[in-house]
Structure formats: C-alpha cells, structure tokens
Amino acid sequence: MMKRLALSLLSLAAVLLAAGCAAKTPTSVKIGVFEPITGANAGGGALEVEGVKLANELYPTVKVGDKEYPIELVISDNKSDKVEAANAAQRLVDKDKVQVVLGSWGSSLSMAAGPIVQKAQVPAIGLSCTNPLVTKGNEYYFRVCFIDPFQGTVMANYAFKELKAKKAVIIREVSNDYSVGLAKYFEDSFKKLTGNDGAILTELNYNTGDQDFSSQLTEVKKYSPDVIFAPGNFTESALLVKQARELGIKTPFLGGDTWETPEFIDVGKEAVEGIVFSTFFATEVPITDTSKIFLDAYRKKYNKEPAAVTALGFDGYLVARDAIQRAGTLDTTKIRDAINETKDFPGAAGVINFDENRDATKDAVIKVVKDGKFTYLTTVKP
Amino acid sequence: MKNKRELLLTAGAVILAAIVVVLADSFMDSFTLRVFNLCAIYIVLALSLNLLLGFTGLFSLGHAGFMAVGAYVCALLTMSRDLKEMNFFLVPLVPWLMNISIPFLPALVIAGLVSAFVGFLIAAPVLRLKDDYLAIATLGFAEIIRVVITNLQSVTNGAQGLKGLPRYSSTYVVWIAAALTTLFIILLMRSSFGRAMKAVKQDEIAAEAMGINVFRVKVTSFTLSSFFAGVGGALLGHMITTIDPKMFTFTLTYNIILIVVLGGAGSVSGSVISAIVVTVLMELLRFLDEPMDLIFVKTSGLPGLRMVAFSIFLMVVIIYRQRGLMGDRELSWQSVGTALEAPRRWRAARAAKADAKSAGKKKAKEGRDA
Amino acid sequence: MTFALFLQHLANALALGSLYALIAIGYTMVYGILRLINFAHGDIFMLGAYLAFYGVALFALPWWASLLLSLIFTALFGIGLERVAYRPLRDSPRISIMISAIGASFLLENLAVLVFGGRPKGVDVPALLNRVVQIGSVSVLSVSLLIPVCTLLILIVLMRVVNGTKTGMAMRAVSTDIETARLMGVDVDKVVSFTFGAGSLLAALGGILWSYKYPQLNPLMGMMPGIKCFIAAVIGGIGSIPGAVLGGFLMGFIEIMMVAFLPALSGYRDAFAFVLLIIVLLVKPTGLLGRNQAEKV
Chain E
6 MMKRLALSLL SLAAVLLAAG CAAKTPTSVK IGVFEPITGA NAGGGALEVE GVKLANELYP
66 TVKVGDKEYP IELVISDNKS DKVEAANAAQ RLVDKDKVQV VLGSWGSSLS MAAGPIVQKA
126 QVPAIGLSCT NPLVTKGNEY YFRVCFIDPF QGTVMANYAF KELKAKKAVI IREVSNDYSV
186 GLAKYFEDSF KKLTGNDGAI LTELNYNTGD QDFSSQLTEV KKYSPDVIFA PGNFTESALL
246 VKQARELGIK TPFLGGDTWE TPEFIDVGKE AVEGIVFSTF FATEVPITDT SKIFLDAYRK
306 KYNKEPAAVT ALGFDGYLVA RDAIQRAGTL DTTKIRDAIN ETKDFPGAAG VINFDENRDA
366 TKDAVIKVVK DGKFTYLTTV KP
Chain H
504 MKNKRELLLT AGAVILAAIV VVLADSFMDS FTLRVFNLCA IYIVLALSLN LLLGFTGLFS
564 LGHAGFMAVG AYVCALLTMS RDLKEMNFFL VPLVPWLMNI SIPFLPALVI AGLVSAFVGF
624 LIAAPVLRLK DDYLAIATLG FAEIIRVVIT NLQSVTNGAQ GLKGLPRYSS TYVVWIAAAL
684 TTLFIILLMR SSFGRAMKAV KQDEIAAEAM GINVFRVKVT SFTLSSFFAG VGGALLGHMI
744 TTIDPKMFTF TLTYNIILIV VLGGAGSVSG SVISAIVVTV LMELLRFLDE PMDLIFVKTS
804 GLPGLRMVAF SIFLMVVIIY RQRGLMGDRE LSWQSVGTAL EAPRRWRAAR AAKADAKSAG
864 KKKAKEGRDA
Chain V
443 MTFALFLQHL ANALALGSLY ALIAIGYTMV YGILRLINFA HGDIFMLGAY LAFYGVALFA
503 LPWWASLLLS LIFTALFGIG LERVAYRPLR DSPRISIMIS AIGASFLLEN LAVLVFGGRP
563 KGVDVPALLN RVVQIGSVSV LSVSLLIPVC TLLILIVLMR VVNGTKTGMA MRAVSTDIET
623 ARLMGVDVDK VVSFTFGAGS LLAALGGILW SYKYPQLNPL MGMMPGIKCF IAAVIGGIGS
683 IPGAVLGGFL MGFIEIMMVA FLPALSGYRD AFAFVLLIIV LLVKPTGLLG RNQAEKV
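Residue numbers (the numbering used here), protein chains in the order written: chain E, 6 to 387; chain H, 504 to 873; chain V, 443 to 739.
No lab work stands behind these hints, which were simulated from the structure alone. Check before you lean on any hint, since a few could be wrong.
[As the list claims (entries may be wrong)] Okay, derived cross-link-like pairs now, PhoX-like style, lysine-lysine, Cα gap no bigger than 25 Å in a straight line:
1) E:Lys169 to E:Lys197
2) E:Lys375 to E:Lys169
3) E:Lys166 to E:Lys196
4) E:Lys375 to V:Lys726
5) V:Lys563 to E:Lys306
6) E:Lys227 to E:Lys169
7) E:Lys58 to E:Lys171
8) E:Lys124 to E:Lys102
9) E:Lys274 to V:Lys563
10) E:Lys378 to V:Lys726
11) E:Lys227 to E:Lys309
12) V:Lys563 to E:Lys58
13) V:Lys726 to E:Lys309
14) E:Lys305 to V:Lys563
15) H:Lys633 to V:Lys726
Since we're looking at a predicted model, the values are computed, not measured.
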C-alpha cells in the first residue's frame, strides 16, 4: 500500500510539473486578441473582434526580414472579469506566445493585463480603452484611441461653442470608470470655458444595469439646463434618453463614443434623434485611404455600417503588423520599440502617432443621430 | 502503531506538497504558475465559505462583500504615496490615508481584521434570520458594500479602481496562507467549538437545549469566515495587482459556492481538492468557447459554453449527489488506502464470485449426477 | 420640490411599483408553496420577454399573439424547471434546493448568453402602448397606465382562485403543511406544478410588460428586478399575495422617492432596496402582511 501511495503521489507531482514544460518553434506570427467575448462587456468585445478579424482577412501575412509569415489570431476571452482577464492575458503571453496583444474593450480589463504584458515584455495595443491609467507607467501598453481627458474636453467645447450652453447637468454611470472619467473632464473644461464654477447645475448618478431613470430625470426637470452630458454605456443611455423624452425633457443630450453602436438606435428609436456624441471615426468622411478599404470590406461582408470600435480593432491589427514588419524580428521587445516609433500611420480611424504616454493623438469626430442614423457633424483636432 | 504510521504519512505528504510548491515556483511558466497560485487563493476562500456553509449550516451569500473590504483595505494600506497620487487622478484620496504605507504582512492581517469587524457588525442583526432570509440579507449587504465602494470616490477611487498594487502575492505567500488556513480550520473543527458549530448545523434547537449559545457560535463563525474572506480578497487583489468594485459581484460568490458544493460542504479536504480542480478546469475548459471540430459538427466558437457547462455540472451534482465529492467526510489515509486497494479488491471479488459460481455449478452438477 | 414635480415622482413610483408588484406575486406564490426563493424567477422573467420578442421578430406574429404564446411557453418551462431542478430535492435540506435555484438561475443566464447573444436587443413596442400620455403636468407612458390595472386584476383573480376554488384550497393546504396535505389526499405534485406554472406565467407577463416600458432585452435583465421583487415580496409578507402587491408598490415608491428627496445619493439607489429589506427583516421579519410561522420542534 505504501508503495502505491508513494507512486501515485509522485506521478501527480510529475504531471503538475510536466504541464509547465512545452516548447515550439514559431511557424506563424501570433497576435493575441484579448477581449470580453462573454460577460457584461460581450457586446463591445464582439465589435472589436470583428474589426481585428476583418483586418486579418485582408492582410493575413506579414513580412519579417525576408520570410513571409502567416498571422494567426489567438482569441482569449477575458469574460469581462478582472481575475479572468489576468489569466487570459497570461495565457496569451505564456502558452500561446503571441508577439502582440490587442485589447481590451473596457479599461479595467486592460489594466489587469498591464503588469502581465510588462513583465513578459510583450507589447499590447489597446483599441478603445480610454482610461489614462491603462498606459500610464507601463511602457508596454499602447493605444490607438484618444483618452478620456481629451474626449471630455471636446464635448465641453462643443457644448460651449456650438450649443452656446452656459449651464449643464451631468448624469454619470457611477460604476463605470469611463463615464466617471469623462464626466470629470467635461466638468472641469466646462467650468473653465464658462468661467462659472456653478455652471454644472447638478450631477446625478445611476448604476450599470439600471433600467429605470425616471427619478433622476424628474430631478433634472427641476433645473433648466442648456445641455445634459450623460456619458454612460449605450446599454443604459438609450433607455435614459428615451425616458427623458417621455418626461418631456427637450434638452439636447451629449455623450461619448460608447453610444456609437447599432443597438443604441435600435433601442432608442425616435427618442435619440438629435443627440450628439464624440467618437473616433466617421463612415461618411473617410479620413484616410485605409478608411475606404475598411469601409468597403466591412460593408461587403456584413452589409451594415461598422461601429467605431470595429475600425479601431482594424487599426490595432494594422499597427501591430506594420511594427512587426519594421522590427524585422519576432523579438517582442524590438516589436515594442517599433510600435513606439510609429509615425503618421494611416489607420481607418485616422492618422496614428503615439505621444510620450503611448496614447494616440487623434482627431475626435462629432456625430449626431439624424433620421435614425449616425451622421457626421464635424471633426475636432487635439 | 497505526497512528504513528499515519502521522509519518501526513508529514511525508506535507513535505512532498512543500517540495511541489518550491519546484513549481522555479520551473512553471508564468501562466501555469498563475493558475497554480489562484488555486491557493481559492482554497482560502472556499474554506472560509465552507466554515459558514458546511460547518455551521449558515447560507450566506455575502462573501464577495468581505473580499472587497479585505482587498481594498490591504491595497490602501500598502500602496505608496506616489502610487496613490497616480491612481486618484479624478478625486484626491482623503488625506489621512494618503501617507499610510505599511508592509504587506501587517496590512494583510489588518485587512482580515477589518473584514472580520464588518462581518461582526453585520452578523449581529442578520443571524437571527432563517436560511432563505439570511441568504438574501447577506446578499443585500454584499451589494450595499459594493455600491458604497463604487460611490465613495475619495476613499476607494470609485469605479476607476486601484491599479499598480505591488505584487505581494507570490507563490510562497499564497500557499503558506492556504496551508495556515487549512491548518486553522482543521484544528478549529477538532476543538470543542468546532463540535458546537456542527451541532448548530445539525439541529439548532437541540443544540440550544444542550446549552450551546447558538447565537454566539453563529456570530463567531461568521466573524472568522469574514476574516479569511478578507485575507483571500487581499491576496487576490495583490495577485492581479488591480481591483475595482465590479470584481466583487454575486458571480464571484457563486463561483466559491460552486467550489464548496462540488467538494462537499462540511469537508475540509473536499474544499481543498475542489478548489484546485475547479480552478484548473476553468482554464482547461476554455476550449469550449473556441471553434470546435467535433467530426459531425463544426462550430465557429460558442462563447459562453464554458460557463453553461459549469452550471450544468453544478446542477447535476446538487441534484444527484448533493454531498458533493467528499460529503462531510475527510480525506484520511485509510480512505486513500482503500481507494488504492480498490482494483485489487475488485479483482479479488470477481475471482471470488467466479469461484462461487463454478462451485455452485459443480455442486449442481454433482446434484444432477447423483 | 414643486408639487408638479412631486406628482411626477409619484406617477413614476406607481408605474415602477406596479411592475415590481406583478413580478413579486410570482415569487411569493412559489415561496408560499415550497418555501423556496426561486432565484431563477428573474430569469424566467427574462425568458418571457425574449420569447415574446422572437415571436414578433422571427415569426412575424402580431404582438398580442406573441405575448400569449410566450406566456404559455414560459409557464410550461417553469413547470419543467420545477420538475427537473426542484422536485428531486424536495426532501433534502433547504440549502441544497437553494443552491439548485441559484445554479438554475446562472444556467439560464449563461444559456441565454449562448443562445440569444450577449448584445442587447431593442424591442418594437406596439404603438398603442408606447404613447406618452399627459395628465396635467405629469407625463406617463401609456403602458405604465396599463400595468397597475393588470396587476390589480390579477390580484383579484388570484385571490378568488386561492380562496374560492378547490385548487386554491389545495394550494393553501400545501403551503401550510405539505406532509399533512399529502396525507389528506391532495396531489401535492400537481399543486406545485400548477403554482409554478402560474408563477412563471406572471413572471413572463411581468417581463413582457417590462420590455414594453424599458424596451431593451439582455440576458441579465432579470437579475436586479428579480432580487428587488423578492425583497418586495418579503417586505409585504412572503407567502401572501396581497402582501406581494403591497410590497412591490412600496419598493417602487421608496426607490423613486429616496432619489427624489436625496438626489445626491442617486448612485446608492440600488442599496436603498437592500437597506429597506434589512430593516424590515429586523423589525418585522414576517413582513407587513405576513403570518407568523411558528417553528415546530
């Protein structure tokens, strides 16, 4: 009995150790797609993955040195959960040995991956995560979109200059870091622009998943703001705007890039006519040649208009591919350097340059919902 | 003689486990090591919930709340001033927390104590309630804790969360924590207090009649459970190095309930084994979400299949084998020995049956011949 | 606050409260019979809404037909759920059946993500119900006027059934003492199935009406309303149908009014429901209209 026991315990230990050891020589370049495919953020994740996959279809290979490698996408679901996100990212850099990581939708998930890619020295490119903390202090994390401080300021400018607004009300999704961030930057800019510390009449909150906003909106009726800034996720915002209109609130609504999804109009219908938001990309105004390529390919494949984050997914892939090519090697530290040196890269969602924090300095596009469609309004330069 | 042998075996197993941990730390790649360490943290969490669910019979759904308290307290205590300044870029942190920065171990203990204290505060009013009400009340408290954390930006940074937590949860730290927790729980259950807890679980009224202060037992159990939940939460936070309120939802509690139920509520070894198995399975079953080629059917990736599989598994276990893997029995050397002898015994039983059959046939033949 | 605003808040509260009331009835019925918090109730609510949606979207049925079919299918589904997940555990410790309920809830949510997709879907609300009605200075959605009427009608019908019919008597018997009822010849299985079916039907109705008022479907849409409606049922007195209705209205009222009077705490809105629950559980655990359940030794 003793012998059997010892034998089985030893074999268990051996199995555990053996699981750790494995090595393969690369026959393809691997790009990890680190997105929420399930969970609360599955919607946004799916949109970004669409963009990445489309880019992979159009540009399936990359030239490293003098060899042409096929690019393999490795999709790792972070389940919209931080603990899983850490595992998913670790898996990509360790097991799958990817050269670049793309993602994630949702800054808090990207932040979970941050220390992992940093330690493994694998560069990561965020696609639509706008929280400044994602790239701060982490020289391995880049992003192809602008950040919250910029967006908040853009909307404040729009409210003040175009809508001639003097007083505003802010409605935040308090459990969403994106919404809280944008609200703060809008508030600071708006106060500065109007020179009036009391320009924000009131700030109301709701939580992710809420569906009834009647009490918050009835409260808004007490004041008469010129504009309402409500930078929440599209899932709640569509209902929010609809309920506002039902309550007879006719004030213009301003939002952020998360509103640009087909579901927003699908749910909001006529209620969301006329709302304005900032985003990364406009289909009517192809910013670069890549935009045209992207739009044509997307329209042909899916027969509908793409979401902004899809374009960003597309760009992330292209930037990664371009950097690998310029680096001429599969060494991830060299690839990181190559990404850092990206200059005036024509992406579908605009020209990409990375600043000292590895954030892309890009134009913001302002759109309005007109006749049930996202319609381009104007472009704002940083 | 037998006792001495068992003691030697246990010592041997512990040493072997320690060797495995040391080897793992040196040889495993980061991904496997991460999963390995996550097992340890889940052992702590599963045991803390088992203390309530399996040993005292209290159905509490508030675990995530205590984990959140532990994680945040530990984080705020260990983060340096610079780190705090970087994180609290929207709303500055309250001044009295700004300069506090203490080493990990004291912070971990304090985090556990704060969680225990919160547990104590909640316990007193809530433990008077019966099963279902207790469940919803504890769930309510967990949600209240989460909502408070989300809104108190000047203390917790609200939805932005905290990032850059120093990665104190190394392999040794988490596995020593798991070992200590296991040891504590085993000693607790062997003590008279442990027996009191089991009595309360069996039949509250009888226990009360026997002189056990049921309420005090429940409150103590709840407080202890919250301590370990807080420690577990802090370890988790310092392993992922970033925390935010959305981590600590009911889903997290559900995952731990899953582990405890599958392992057998009321069994320490069950929780330990189940924690390891479930954590590993969670990762191994990732392939269910990806495109699969099942010869007849080619799926193009069914996201969510993994979680569906787990939920079905839980349902099957709870309906057909409620006791879970170990029920309320413990893994003992005897049972391991019995398990290992099983093939031999089975063969012996088969042989005996065959013998009996042939003997019977022979006898029948003799009978006919006669 | 002006009076006009207060009236608007009141209208909002009534609209929300009547929805909660409708869903709480289902919860309380099941609890009364089985002493089980059916955690999956919120997901049956979600299922009803989705089925009604697909009836229109996939099969181009008129909305009322889709609604009726959804009610029927969801009721059958509820009966099936009870058969599979709860009946085998009827004689087991309470904890097992509660875990089964939680497991069923998660299973349904994950299945919904798998089958329907995680992205929200917009609902085409029938025009009749989507109109904004002005009553003085107060604006309400036309469906919000329909819901309280629905709830009260159902309340009246259910009270007649429970108090005036044989099935109702059987239900009351089972909820008082399941063993004795069985001994007295009541077909307990049938009564439980019926209760589950009725409860699920009400959940589905609640879900569909909810989707008309808040026209967005997503697999997790039933989670929060489910918990809140359970709290409402507990507040009103679990096991008592009028209690559930009262609890639902009270819940909606508190939720809306807390934000109305303390707008700075609008982010804590969800927490109010739980605080209310804990207060009620501590002060009067049997709820406002509940009966005192003596525990037999």
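Hints, verified against the model:
{"no.": "1", "hint": "E:Lys169 to E:Lys197", "verdict": "14 Å, holds"}
{"no.": "2", "hint": "E:Lys375 to E:Lys169", "verdict": "21 Å, holds"}
{"no.": "3", "hint": "E:Lys166 to E:Lys196", "verdict": "13 Å, holds"}
{"no.": "4", "hint": "E:Lys375 to V:Lys726", "verdict": "54 Å, violated"}
{"no.": "5", "hint": "V:Lys563 to E:Lys306", "verdict": "21 Å, holds"}
{"no.": "6", "hint": "E:Lys227 to E:Lys169", "verdict": "21 Å, holds"}
{"no.": "7", "hint": "E:Lys58 to E:Lys171", "verdict": "44 Å, violated"}
{"no.": "8", "hint": "E:Lys124 to E:Lys102", "verdict": "13 Å, holds"}
{"no.": "9", "hint": "E:Lys274 to V:Lys563", "verdict": "12 Å, holds"}
{"no.": "10", "hint": "E:Lys378 to V:Lys726", "verdict": "53 Å, violated"}
{"no.": "11", "hint": "E:Lys227 to E:Lys309", "verdict": "41 Å, violated"}
{"no.": "12", "hint": "V:Lys563 to E:Lys58", "verdict": "23 Å, holds"}
{"no.": "13", "hint": "V:Lys726 to E:Lys309", "verdict": "57 Å, violated"}
{"no.": "14", "hint": "E:Lys305 to V:Lys563", "verdict": "23 Å, holds"}
{"no.": "15", "hint": "H:Lys633 to V:Lys726", "verdict": "13 Å, holds"}
Of the hints listed earlier, those the structure fails to meet are numbers 4, 7, 10, 11 and 13, in rising order.
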